[in-house]
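Enquirer: Between the sequences and the hints, there should be enough to build the whole structure, so can you do that?
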Amino acid sequence: MDASTETRIESRTETWIKWTIVALLCVVLVLGALNFNRIPTYRAWVTETSPEVSMRYAQLSGQMDETALRKHFEGLALQCYNEPDQPGRVAERICWAGIDKADGGAALTLAAFLNKGRLTSVVVHVPWWVHGTWRGRLVAQYGKANRAGFVSVLGGPVLRWTLPNGTLEYNRDQSWNPLEWSAVFWTARAGDAKAGTP
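Just remember that this note's numbering sits 46 ahead of the position in the sequence shown, which is counted from 1.
Don't read these hints as lab results, they were simulated from the structure.
Since we're looking at a predicted model, the values are computed, not measured.
Keep in mind that a hint or two might mislead.
[To be verified] Restricting the straight-line Cα-Cα distance to at most 30 angstroms, the calculated cross-link-like pairs of lysine-lysine (DSS-like) are: (1) K162 x K117; (2) K147 x K190; (3) K147 x K117.
Expert: And the structure:
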């Protein structure tokens, strides 16, 4: 191989490396821009130590008020606030906390929603990279999902289990976006303290 051929190969390699780096930086910037609202959650999860919680879904109830909710998640510093009365409001009152794990699996946050002073739903946000682990854990604990493929408040197809005290849902599919999280969503049984009606 002569010197000019080596120079062309080195030049092509350098060009390929530069364009690969530029492409990777563009991907990072696009992911950051599309997930700007999620970055603080991930930053807190990486830089802070948060508690591990035991969900005990069977003990949740639409009869629970905020005091009972705090007792259920004792040791978790729930921050609660009233949601403004406006169209699209999720609940009258929302309580949330950053967590490191839920039931032994990696988790980001826990949020509970109350209407008329009673619990209507609880959600655990699960990092993208443990989606399959959580899915396997839920199937092992609750059995095969009795209804799947329905669109829910999670924004896509879900796996759904009917529990004596409500329903438990989980994203059926893992997102293509590695910064998007999945959600384990418990909803109080209909009629349980008129759950879900603001």
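Enquirer: With reference to the structure, classify each hint as holding or not holding.
Expert: Here is how each hint holds up against the structure:
no., hint, result
1, K162 x K117, "19 angstroms, holds"
2, K147 x K190, "23 angstroms, holds"
3, K147 x K117, "18 angstroms, holds"
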